[in-house]
Amino acid sequence: MNLIRLQRMPIATPRVAFAFRVASVLLALFTTAIALSISGRSPVALGAKVISATFGSSFGLEDLALLFSPLVYCGLSVAVALRIGAWNIGAEGQFNFGAFCATGVALFVQGPTWVILPLMALAGMVGGALWILIPTLARAYADVSELITTLLMNFVAILLVYWVATGPWLDPSGMALATTSRLPVSVPALWGIVHWGPLVGIFLAIALALFVTYTRWGYEVRIAGANPGAARYAGMPVKTQLIGIMLLSGAIAGLGGMMEVAGTVGRLQGGISNNYGYIGIMVAVLARAAPIGVLATAFFMAVLLNGGIVLQSQGLTTHTVLAVTGLILLYAAIGDEMAHYKILHPKVKDI
Amino acid sequence: MISTKSLSRRGFLNMGVAAGVGLVLPKTGLLQPAHAAAPLAPVAEENAHIAFGHTGPTSDEGWTWAHDQGMKAVEAAFPKLRTSYVESIPYSADATRIYRQFVADDANMVFATSNYGDFLYDVANRAPNVAFYECDGRSALENLGTYYVSHWYPSYIAGIAAGAMSPSGKLGYVASFPVPSVYSGTNAFLMGARTVNPEATLQAIVINSWFDPQAATQAGTALIDNGCDVLFGIMDEAGYLQVAEERGAKAVMWNTDLRRYGPNAYISSIIVDFKAFYVEQVRRRLAGEWTPTQDLLPFGSGVDVDAWGATVPADVAAKADAVKASIMDGSFNPFLGEIKDSKGNVKVAKGETMTEQELYHWNWSIEGVSGLDT
Numbered sequence: 004m005n006l007i008r009l010q011r012m013p014i015a016t017p018r019v020a021f022a023f024r025v026a027s028v029l030l031a032l033f034t035t036a037i038a039l040s041i042s043g044r045s046p047v048a049l050g051a052k053v054i055s056a057t058f059g060s061s062f063g064l065e066d067l068a069l070l071f072s073p074l075v076y077c078g079l080s081v082a083v084a085l086r087i088g089a090w091n092i093g094a095e096g097q098f099n100f101g102a103f104c105a106t107g108v109a110l111f112v113q114g115p116t117w118v119i120l121p122l123m124a125l126a127g128m129v130g131g132a133l134w135i136l137i138p139t140l141a142r143a144y145a146d147v148s149e150l151i152t153t154l155l156m157n158f159v160a161i162l163l164v165y166w167v168a169t170g171p172w173l174d175p176s177g178m179a180l181a182t183t184s185r186l187p188v189s190v191p192a193l194w195g196i197v198h199w200g201p202l203v204g205i206f207l208a209i210a211l212a213l214f215v216t217y218t219r220w221g222y223e224v225r226i227a228g229a230n231p232g233a234a235r236y237a238g239m240p241v242k243t244q245l246i247g248i249m250l251l252s253g254a255i256a257g258l259g260g261m262m263e264v265a266g267t268v269g270r271l272q273g274g275i276s277n278n279y280g281y282i283g284i285m286v287a288v289l290a291r292a293a294p295i296g297v298l299a300t301a302f303f304m305a306v307l308l309n310g311g312i313v314l315q316s317q318g319l320t321t322h323t324v325l326a327v328t329g330l331i332l333l334y335a336a337i338g339d340e341m342a343h344y345k346i347l348h349p350k351v352k353d354i
Numbered sequence: 003m004i005s006t007k008s009l010s011r012r013g014f015l016n017m018g019v020a021a022g023v024g025l026v027l028p029k030t031g032l033l034q035p036a037h038a039a040a041p042l043a044p045v046a047e048e049n050a051h052i053a054f055g056h057t058g059p060t061s062d063e064g065w066t067w068a069h070d071q072g073m074k075a076v077e078a079a080f081p082k083l084r085t086s087y088v089e090s091i092p093y094s095a096d097a098t099r100i101y102r103q104f105v106a107d108d109a110n111m112v113f114a115t116s117n118y119g120d121f122l123y124d125v126a127n128r129a130p131n132v133a134f135y136e137c138d139g140r141s142a143l144e145n146l147g148t149y150y151v152s153h154w155y156p157s158y159i160a161g162i163a164a165g166a167m168s169p170s171g172k173l174g175y176v177a178s179f180p181v182p183s184v185y186s187g188t189n190a191f192l193m194g195a196r197t198v199n200p201e202a203t204l205q206a207i208v209i210n211s212w213f214d215p216q217a218a219t220q221a222g223t224a225l226i227d228n229g230c231d232v233l234f235g236i237m238d239e240a241g242y243l244q245v246a247e248e249r250g251a252k253a254v255m256w257n258t259d260l261r262r263y264g265p266n267a268y269i270s271s272i273i274v275d276f277k278a279f280y281v282e283q284v285r286r287r288l289a290g291e292w293t294p295t296q297d298l299l300p301f302g303s304g305v306d307v308d309a310w311g312a313t314v315p316a317d318v319a320a321k322a323d324a325v326k327a328s329i330m331d332g333s334f335n336p337f338l339g340e341i342k343d344s345k346g347n348v349k350v351a352k353g354e355t356m357t358e359q360e361l362y363h364w365n366w367s368i369e370g371v372s373g374l375d376t
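Chains G and X are the protein sequences, given in the same order.
Position one of the first sequence corresponds to residue 4 (the working numbering), numbered consecutively onward.
Position one of the second sequence corresponds to residue 3 (the working numbering), numbered consecutively onward.
Some clues are possibly wrong.
Stated by the list, open to error - Below, computed lysine-lysine pairings styled on BS3-like, alpha-carbon distance capped at 30 Å:
1) X:321 with X:82
2) X:352 with G:52
3) G:52 with X:321
4) X:321 with X:349
5) X:352 with X:342
6) X:277 with X:172
No lab work stands behind these hints, which were simulated from the structure alone.
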């Protein structure tokens, strides 16, 4: 008789991996559909509604692009750090602090828009990098896990934004509650209400992909991420690279915060990050830390989140939507692991 | 032009008749009187879609529940129209997306039951044929009105009972954000308490949410640990009432009758009721009469103090009720100068009374309130 054996391969071929990824997403959506029909709703009608509302109107497409922006920056931020084996759980905090610094420039520096906007972008990036500086140094010099430190810094940044937006920077007009004044400058619109944020994010992803693939630094970062011991042995400046990459990671998230406050929202207020930093972790993991992959997964996640909003207006709760995202991630993780297995048919001689 | 004060004393229903007259905020000039110009076109009941955007879950037994009751009243009054709602909308760009989704879904009228500021304003600005109402709102458009409750009067009345029932004179307050409704609530409550105990003080803790039972419970515990023996707050649920019950303290709540969560601790609640308001505004929208208004539901019809809790002494209840009657008949206004802020500056001169708009926009703490002013 023939025994089927499974063998784990060290590398999954891209085609197999992709097939498993698609299958796991479909399976997650299918599971959701079953849950929806059990609760007495028509998954087909809801699905059609989601697709027509998202892709069938300029409203939906604008919303999609605006959701895509923070997800790309946060996804890239986490992905870049992952390349060197660091888990940046703090994109949320860097996003907030970047938004905070950019707002500071907008509110307190006067000048023409073409000076102020780049200055805000710079402030956002420097702010994001500053916010990851302590976890970076702690990781590089004291071997303190960045997983915990970056996470803890989130709460500080989030509360800082709440505080300035309801305290010292509160809109003095009394016409807006718990928020700063409307920023005097904003990122110019490209199409409808969509600003430059998403497009800059796409360019950034391409630049990072080229950097990782074609530069010596990118190569060394990959080696240092895959095997720090070997990299060190080969004489690569692992510590310097770690510091550089983590600061870059923070800067990207900070730039995302700047785009959100200066492009999408127009004011700094508590809750502006809307969990994008945490969703960015999902985006990066699903993309296997590949910058171009982040574009795809950020888009996918934007469709999912936007679909969630459509579903909410159809009477579903936010929890359902969260559950769907969670399911997809879970199935994708299972699928990724399964893609490594190969079915072996050992040849058994007929007796 | 009708003055704000006289408006609040009349029922808000009269405002619909006086269509085209809105409140004017002389200080800012941002709120323009609603134009007497063309109301939005009428909508047949069977084609109408009325949408509600909530800050919390409709099951909160508090603020959002009260608004949900309003939606149910609309459904009962106009059974052929379609309603929809989204709960727990965050104060982020997601709010814009949800309100835009209502518009895309052909809503004729959208009620935002909390202040969503620009997130709502930007949507309303681009959807001129949809009627928008923002609760506790601050901006106006030709299709965006605001509504809120003059809760400072019942807060003052509840404060009288709280002052009488607080041996320590230390009152605690679980605050959402340092926003005007929190300033007016804390200030009015302490002013009421000080009519009984002139030494009373109030400590506030800000938890950055309207609905976060865990944070509200922690804040309530911290306040009692600090020596407060009566808690007040502006939460959409009963968390700190349960803390007060366990710790033998007292509590004044918001929105609904919550006494079953703390029968001994319960003093009263600032009860809100939006049913009549919603039904009337939807009627105006369907009939083609709708122009935006800036409504403050007056003390007694839309906002009130709840029946006193079981442990409120009869003489305390009688005293508070007598003050309530004098406010209702217009013979007494508690917000009479001189009133000093927490830094000792005289903000309302002796003999002056605060206008309804000043109360609505109150953004400083009176002397004795800590935890809000920075």
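Status of the hints after comparison with the structure:
1. Taken as a hint, the residue 321 of chain X and residue 82 of chain X pair is broken in the structure, with Cα atoms around 47 Å apart against an allowance of 30 Å.
2. Note on residue 352 of chain X and residue 52 of chain G: the hinted pairing is violated, with a Cα-Cα distance of about 61 Å set against a maximum of 30 Å.
3. Pair hint residue 52 of chain G plus residue 321 of chain X does not hold up; C-alpha atoms about 58 Å apart against a cutoff of 30 Å.
4. With a C-alpha separation of about 28 Å, the suggested pairing of residue 321 of chain X with residue 349 of chain X holds against the 30 Å cut-off.
5. Annotation: proposed proximity of residue 352 of chain X to residue 342 of chain X holds, straight-line Cα distance about 10 Å (limit 30 Å).
6. Under the criterion of a C-alpha separation no larger than 30 Å, the hint pairing residue 277 of chain X with residue 172 of chain X is inconsistent with the structure, at around 36 Å.
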